[in-house]
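Peer 1: Read top to bottom, the protein sequences are chains A and B.
When you line the first sequence up against the working numbering, it's residues 1 to 365, in that order.
When you line the second sequence up against the working numbering, it's residues 1 to 431, in that order.
Treat the hints as calculated values from the structure; they're not laboratory data.
Incorrect hints may have been included.
Some chain B residues judged to face chain A by a derived CB distance under 7 Å, without partners named [as the list claims (entries may be wrong)]:
no. : residue
1   : 371
2   : 404
3   : 413
Positions of the beta carbon are idealized from the N, C-alpha and C atoms, including for glycine.
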Amino acid sequence: MSGHDLIIVGAGIVGAACADYATMQGMRIAIVEPGVVGGGATAAAMGHLVAMDDDPAELALAHYSLGLWEAFANLPQAEFSRCGTLWVASNDEEFARIPEKIARLAASGVAAERVDARELYRLEPSLAPGLAGGMRVANEAVVFPPAVARHWVDRAITRGATYHADAVFRLDDRGVLLHGGQRLHGPVLLATGGALPSLLPGLPVRLRKGHLVITDRYPGVIRHQLLELGYADSAHGGDAASVAFNVQPRPTGQILIGSSREYDAVDTGVSMEMIRRMLERSFHFLPRLRELDAIRLWTGFRPVSVDGLPYLGRAPGRDDVWVAAAHEGLGVTTSLGSARVVVDQILGRAPAIDPTPYDPSRVQP
Amino acid sequence: MVDACDIVVVGAGPAGLAAAEAAASHGKRVVLIDSQPRAGGQVWRHDALHGQPRVAMDAIRAAAGNANVTYLEGTQVVAVEPERLLLQDARRGFHLAYGALVLATGARELLLPFPGWTLPGVTGAGGLQALAKQGWPLRGKRVLIAGSGPLLFAAAATAQRHGAHVVGIHEQAGASAVHRFAAGLWRWPGKLAQAARLRLELARVPYRTGSIVTTAEGDHGVSGAHVRGGQGDERIECDLLAVGYGLLPQVELAQLLGCALEPEGAHARVQVGPWQATSQPRVFAAGEACGIGGIDCARVEGHIAGLAAAGAAVPRALVQRRDRARAFAASLRQHFALRDDVRGLANDDTTICRCEDVSLGAVRTHTDAREAKLATRCGMGACQGRICGGALAELGHGPRGGMRPPLFPTRLATLGEPVLSSVSDTRGYTP
Ligand SMILES: Cc1cc2nc3c(=O)[nH]c(=O)nc-3n(C[C@H](O)[C@H](O)[C@H](O)COP(=O)(O)OP(=O)(O)OC[C@H]3O[C@@H](n4cnc5c(N)ncnc54)[C@H](O)[C@@H]3O)c2cc1C
Ligand SMILES: Cc1cc2nc3c(=O)[nH]c(=O)nc-3n(C[C@H](O)[C@H](O)[C@H](O)COP(=O)(O)OP(=O)(O)OC[C@H]3O[C@@H](n4cnc5c(N)ncnc54)[C@H](O)[C@@H]3O)c2cc1C
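With the rest of the complex left out, here is chain A (with noise of 0.2 Å):
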């Protein structure tokens, strides 16, 4: 069999926006995913697009690729609903510091406003008084990932790219070995999430589990998706678990409650302990919800690497090799421009955004 322009390997929501943008430039692709399309890190992910100002680099990303999402806002499968995030601050000190992240955020073109206490109640009556108000950025969405990781996936394979329902052993020197037997030939891109380090073990990934809440219907509770504006603490904070308030309204009228972090928790169980803490942070910013049916539980492991940013770009030491993996807690929003970032590179152009603070060889071996 004559090789193929590029494999894809793995098909979260990361690996089918690849295998989606190299079709739309005429590459011919095989994908090779052993499971389920978008069903990884992917179908557990809440799905919110979503800008975070705290690090330039990973703001450039997020917003470069809220603009491609664009282009999904009316695909039916992708529930895109433009919700806006709201972040809300729960003293003055938090309220004070929004000027500044509202500039941050203005710097790299993603625009937000500050609200006070009697616009935030406005906004979203059931929210627990006392608050200081928030910063509410209107034009953020939230989507439904492994229909969208499907949808990209099917659009390939109707521009010619070869599906194969398998798992990668290994990497050789003129492509992959699959479980299977097979060998298929050309250069490599890894989207394998979390799994990355088995097959590239240079490139280090620790896994950060998140648990995840989802009520039954109860439209109109909230309208937007709600944070607390410490939530970036949690997020970047240390080993430690944490837990932060972020509440989501998804179209069905549901709400989907997280969010919690963990590292080095490798069983997919969910931890009732992990569950009361996450929902006592929800009840102290929104009250209302302990009256409210859950109807489902689960888990997720988000893929960070050593810095907290992707690994886009080049595997170190590797000429036919790339790598579009470990986007943390944002891959669902990052997805769209990492494929950029990676397959312009592969097509020996010129990405939109400077490459290097993603490029892999950052990591020292």
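Knowing the structure of chain A, use the given hints to seat chain B with the ligands on it.
Peer 2: For chain B with the ligands alone, kept in the frame of chain A given last:
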């Protein structure tokens, strides 16, 4: 409020009642839990008009009335944690620590989709029986009953006692299978007598074998059904249509606890050893959760499980009785095995997942159950695939996916702020 005990029995049907009584009679502190407002389970469900049979009242008194038994009615187990359960009732959520656990979670009905099955007035056979007992008005209503197995007779008799006009019982199994089953009944004299009683009570009701309801029709509610049988197709007028294709073990709690399951046809049941022990230490199971076996089986298994959980000796005679009762269950399963054509009644437009309004056509294009769920939302709703999962498994679309808590829709307050209780005072459980 209790917060710990020696043995928790989940389910107050015949199996759970027998287990609670047996364990309590050996001096163990038992907590018996049931989500229904009254004890009795499915078969002994309290009837608003006719109360409960004597045997049920005796069993309830012997268990719930025992000084060593605390009975928590209207209480659900919603999640499990190491060594304790998370429960909720109408008011609060709380923990209950246990030394040993007996799962007597029973069965639910297997509902197979067919065009019209979601019309108002269409229920399961067991569903009709439950509604009748709750006092749903049936007087003068024309009721058509279809599906498979002895539950059809029980449902018909209950409906008739509540004043319904049962216009027919349609059994999918063929005449020869039903006759072979009846001919073998002499081996279980109790069952034979029961069958004879029901047959007499329903003497005026036409009973058709090899007969299947293919479609329900009606504008706002069911007004008639198409039936396909030996005499070809006919339309039968009715005000209510009850279709039940037998029962499925409820294994979700066992699954959450990590108990090994084994296949029961296309479905699953809890795997147990000779003394009803599951694969998890100090967790026992009894009754329909371990496979559909009927009331005699449930009672004797409950008795064995209660003794075993209490660390008491299990008499050989009980084990022999259990094996006999299980043989009856096997005979039932064999003779009332579903014919292939009942699996082909639904068409692409037929709703399969009622919670999320997903049609069979949408699911059919997926080979993998998880893929189908992620693509169509099938099974993502409030019942978490309890109904559609059984139907899809029966239709050959793979088993229901991994079980996650909670077991039932659960107030967030229960999950986030359960009443605290000390886990430590389990009074040194020693089997
Ligand atoms: C609780 C939680 C909430 C989140 N919320 C959000 C959010 O709101 N917004 C947001 O932007 N992000 C969110 N994320 C992050 C997001 O889910 C991930 O960053 C993203 O899904 C990663 O996508 P991926 O394609 O890299 O990985 P995955 O989806 O895990 O895909 C990797 C794929 O590779 C396949 N694979 C692995 N090994 C091999 C092999 N050897 N051969 C072939 N295939 C292989 C796997 O089967 C899998 O399908 C959240 C994550 C979690 C856990
Ligand atoms: C935005 C969004 C909204 C969602 N909304 C809903 C919703 O409304 N209702 C809903 O039901 N789901 C919803 N989901 C969740 C989705 O259906 C899956 O449940 C999700 O993929 C999480 O996977 P899971 O681990 O629960 O299990 P599954 O997707 O069922 O399976 C994942 C794998 O984990 C394994 N697994 C499952 N349970 C356990 C366990 N207890 N211990 C160990 N392994 C286990 C399974 O065997 C399976 O191989 C939503 C997901 C997203 C991204």
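Peer 1: It remains to establish, for every hint, whether it holds in the given structure.
Peer 2: Hint-by-hint comparison with the structure:
Against a cut-off of 7 Å between C-beta atoms, the interface hint on residue 371 of chain B holds, since the closest Cβ of chain A lies about 4 Å away. Here the hint on residue 404 of chain B is kept, as its CB sits about 5 Å from the closest CB of chain A, short of 7 Å. With 7 Å as the threshold, the beta carbon of residue 413 of chain B comes within range of chain A, its nearest partner Cβ sitting at about 4 Å, so the hint holds.
The structure fails none of the hints (numbered hints given earlier).
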